[in-house]
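Visitor: Below, each chain spelled out in residue letters.
Number of protein chains: 2
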Amino acid sequence: MSRPTQVVIVGGGFGGLEAAKALHDAPVEVTLIDRQNHHCFQPLLYQVATATLSPADVAWPIRGILSRQKNVRVVMANVTGIDADARLVRTNSGDFPYDHLVLATGATHAYFGHDEWAPSAPGLKRIEDATEIRRRILTAFERAELATDAAERERLTTFVVVGGGPTGVEMAGAISDMAHEALAPDFRNVEPAASRVLLVEAGPRLLAAFPEALSAYTRQALERRGVQVLLGAPVTRIAEDHVMLGERRLPAGAVIWAAGVAASAAADWLGAERDRAGRVIVGPDLSVPGRPEVFAIGDTAAVPWEPGRTVPGVAPAAKQMGAYVGRLIGDRARGEAGSAPFRYRHAGDLATIGRKAAVVRLRRLTLKGYAAWLFWGVVHVYFLIGLRNRIAVAFSWAWDYLTFGRRARLITEPAGVRPAEAEREGSSGVPSAPAAAKAAQPDAAPVWR
Amino acid sequence: MSRPTQVVIVGGGFGGLEAAKALHDAPVEVTLIDRQNHHCFQPLLYQVATATLSPADVAWPIRGILSRQKNVRVVMANVTGIDADARLVRTNSGDFPYDHLVLATGATHAYFGHDEWAPSAPGLKRIEDATEIRRRILTAFERAELATDAAERERLTTFVVVGGGPTGVEMAGAISDMAHEALAPDFRNVEPAASRVLLVEAGPRLLAAFPEALSAYTRQALERRGVQVLLGAPVTRIAEDHVMLGERRLPAGAVIWAAGVAASAAADWLGAERDRAGRVIVGPDLSVPGRPEVFAIGDTAAVPWEPGRTVPGVAPAAKQMGAYVGRLIGDRARGEAGSAPFRYRHAGDLATIGRKAAVVRLRRLTLKGYAAWLFWGVVHVYFLIGLRNRIAVAFSWAWDYLTFGRRARLITEPAGVRPAEAEREGSSGVPSAPAAAKAAQPDAAPVWR
Chain A
1 MSRPTQVVIV
11 GGGFGGLEAA
21 KALHDAPVEV
31 TLIDRQNHHC
41 FQPLLYQVAT
51 ATLSPADVAW
61 PIRGILSRQK
71 NVRVVMANVT
81 GIDADARLVR
91 TNSGDFPYDH
101 LVLATGATHA
111 YFGHDEWAPS
121 APGLKRIEDA
131 TEIRRRILTA
141 FERAELATDA
151 AERERLTTFV
161 VVGGGPTGVE
171 MAGAISDMAH
181 EALAPDFRNV
191 EPAASRVLLV
201 EAGPRLLAAF
211 PEALSAYTRQ
221 ALERRGVQVL
231 LGAPVTRIAE
241 DHVMLGERRL
251 PAGAVIWAAG
261 VAASAAADWL
271 GAERDRAGRV
281 IVGPDLSVPG
291 RPEVFAIGDT
301 AAVPWEPGRT
311 VPGVAPAAKQ
321 MGAYVGRLIG
331 DRARGEAGSA
341 PFRYRHAGDL
351 ATIGRKAAVV
361 RLRRLTLKGY
371 AAWLFWGVVH
381 VYFLIGLRNR
391 IAVAFSWAWD
401 YLTFGRRARL
411 ITEPAGVRPA
421 EAEREGSSGV
431 PSAPAAAKAA
441 QPDAAPVWR
Chain B
1 MSRPTQVVIV
11 GGGFGGLEAA
21 KALHDAPVEV
31 TLIDRQNHHC
41 FQPLLYQVAT
51 ATLSPADVAW
61 PIRGILSRQK
71 NVRVVMANVT
81 GIDADARLVR
91 TNSGDFPYDH
101 LVLATGATHA
111 YFGHDEWAPS
121 APGLKRIEDA
131 TEIRRRILTA
141 FERAELATDA
151 AERERLTTFV
161 VVGGGPTGVE
171 MAGAISDMAH
181 EALAPDFRNV
191 EPAASRVLLV
201 EAGPRLLAAF
211 PEALSAYTRQ
221 ALERRGVQVL
231 LGAPVTRIAE
241 DHVMLGERRL
251 PAGAVIWAAG
261 VAASAAADWL
271 GAERDRAGRV
281 IVGPDLSVPG
291 RPEVFAIGDT
301 AAVPWEPGRT
311 VPGVAPAAKQ
321 MGAYVGRLIG
331 DRARGEAGSA
341 PFRYRHAGDL
351 ATIGRKAAVV
361 RLRRLTLKGY
371 AAWLFWGVVH
381 VYFLIGLRNR
391 IAVAFSWAWD
401 YLTFGRRARL
411 ITEPAGVRPA
421 EAEREGSSGV
431 PSAPAAAKAA
441 QPDAAPVWR
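Line order of the protein sequences matches chains A and B. My numbering numbers the first residue of the first sequence as 1 and each following residue consecutively. My numbering numbers the first residue of the second sequence as 1 and each following residue consecutively.
By construction, these hints were calculated from the structure, which means they are not laboratory data. Take these hints with a grain of salt, some might be off.
Listed next, the stretches of chain A that the computed footprint assigns to chain B, with coverage defined by at least 3 CB atoms under 8 angstroms from CB atoms of chain B [said to hold, decoys possible]:
1. 177-187
2. 190-202
Far from chain B, by Cβ distances over 10 angstroms, these chain A residues were calculated [what the hints assert, rightly or not]:
3. ARG73
4. GLY94
5. PHE112
6. GLU128
7. THR236
8. ARG249
9. THR310
10. PRO312
11. PRO341
12. LYS368
13. ALA371
14. ARG409
15. THR412
16. GLU413
Heads up, the beta-carbon is just placed ideally off N, CA and C, and yes, glycines get one too.
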């Protein structure tokens, strides 16, 4: 009896999960590798960052999602490279041989060559990003409450969001809503309603992928809720307490990055051809040219779409690619012949702005305002994983809507800082480097062959 | 017009909150200082540590709780000392003068002189403790899934809980339930049902504050769910991967500390007389001898109770003391005379063991098993803060009970470690010390006068 076909999927995001699920009835053994144990529903991360939802509302353990699929095993490991000739995926927990390989490793933040901006301006790709942003925003208000200098208080309650795509728009609108509604009764010295949110975009309009009319509506909707929109304003420098737009200096209490992403290291691992954003250039069946057994999907792949455009880095695209590749590999494992090329079906674009305002562009229908916001909510709840989370999130949203509350307004410290150590350090609050390094050091990984 | 009486409360736990609330109609201005922004419902922290609840289910922003009380302002700051003669509380954000001072700073873990055990055996006092313990337990299973060595796999799925009081019992029972029920379907190589939980207690029985019969029942109930109980077994050494009981070595995948607490630094700040656990010795009205305007309450105070005993460090005691002190200070501010001494009313003791098992001892009634478990659940939901959280927690419990699930099974990294940095470090996964120190460094605090 021959060994079953081995399929390795790297990445447990939208693309990787769909690929695994599509193989449920194929004569294969699937190994899904991810460096984290959970699948993160990225479209709702901004709600963790603005204290509406908790991490467990938008993330689920991957092995929990796939536990009933008996031909899948889930491995939590860091991929360090790929030996494409030997057909091996190398990780810090050993090597994994494959007959077919799917790279679904997504994207991460890119700072246009200015990686030094990263500590000052976190992006929003992982749970930890969201809780860090939440911490910075809430801490800025706490410090503003104690500030005696009016200019300092104003700086601390000024938030700069860099990037006018859907993520930037959602963050700017949500911070503004949070400041004006949920936080306002809580403070005595600070007027959260007087806090300022600046949304900075280098291009000429917000939501560049949307029709002009919706971009204009979005700008007005944001300005009505007190967000200042700066267009044609590329960022030239970012520090912890300010952002430079050329000559103009914007003091800030926190800076959030929503302006650039770059593909994961998949192209590096393969030594494959890549585009300017680092994405692996793939063929019509999403395989890597010259390596028909290796596929790249989702944000980490550059897939030709319309003339001059590639498939956008959105969740539905990743899911379609994952399903396609899963079926293709299943067919091959069953010995069935070829397959039609991948064709992306663009269902539409959605972006939420804030309370009761969103924009939706479907193929035949455009919505804005309240109807769009309801539609956006229903779609996102529908695509959550698991009935329980749908109930929990719908309940949170309903409660917040009625009470203007946000219940997850917690400042949780990074685990490397213990209050006792902070006290021993005196009033500076800076932990000693050995203590922080020791606290952050993970266990040595076991060896697997 | 004279300045209103200034009351400073240090600590936003059960005691501090009750004191603030009791002053709601007093002619005072209250400043409540806490180093964190949230109040943590400690009795349910073990459920965050075992992936049943999320942090936001058991913690609420203090200023949110007190937002409607107009004579209270909340300050997030680290107290560095007290000048009792000048009547000033010193913090890293400035000095706060007081006419009356309430110290409600609680307790922290104590390792019987072995502080070096702390990194290997986290305790359970703060949200960050709970998520760290959760991370260690879930990571141990992830690594066990990849282990090829049977002894290593067995070590990784062995969990040692040190301390046989209510916290230790709850943790041991919950880890056992989690491993046998929620995690079992998720793994292929590991048999979570074969994982072992050891509860280690130096004394002769579990739950030393409970009647013997309930201690015996608890031990049996734990053993029936697969927990190994070791009594008369003081720990002599703790490392990341094992615990020593004298000559006997227990390999472990994670160690949890539930054995010793010591009072906060309040006695240090005051230079006051303290007992062996570091608690401030207080008089019949909970004031510090010689300082009638300074009070200490809750876990940080040693309050005489029955002959040879002090009031236990439990939440109801802290709340009663807080309410008492709040009323006393309010009376003084109104110019009303003296007050009866504080009298603690012990309602009873509760401890939960696991699914459908708990022990309850009230003054006239003892319960065990299913009835006790229901009672425990109702009491804890009742004492949560806010209707919304009661609904959310009750819903989580009901869902978990029916499905044997645990939905918060997330491994979230400490914020000082970014996966990109882990990759750059190669397979060791250890971040460079400067990176970890930089990530953990909070902003410089503003000065307030």
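Visitor: Flag every earlier hint the structure violates by its number, smallest first.
Guide: 2, 3, 4, 6, 14, 15, 16
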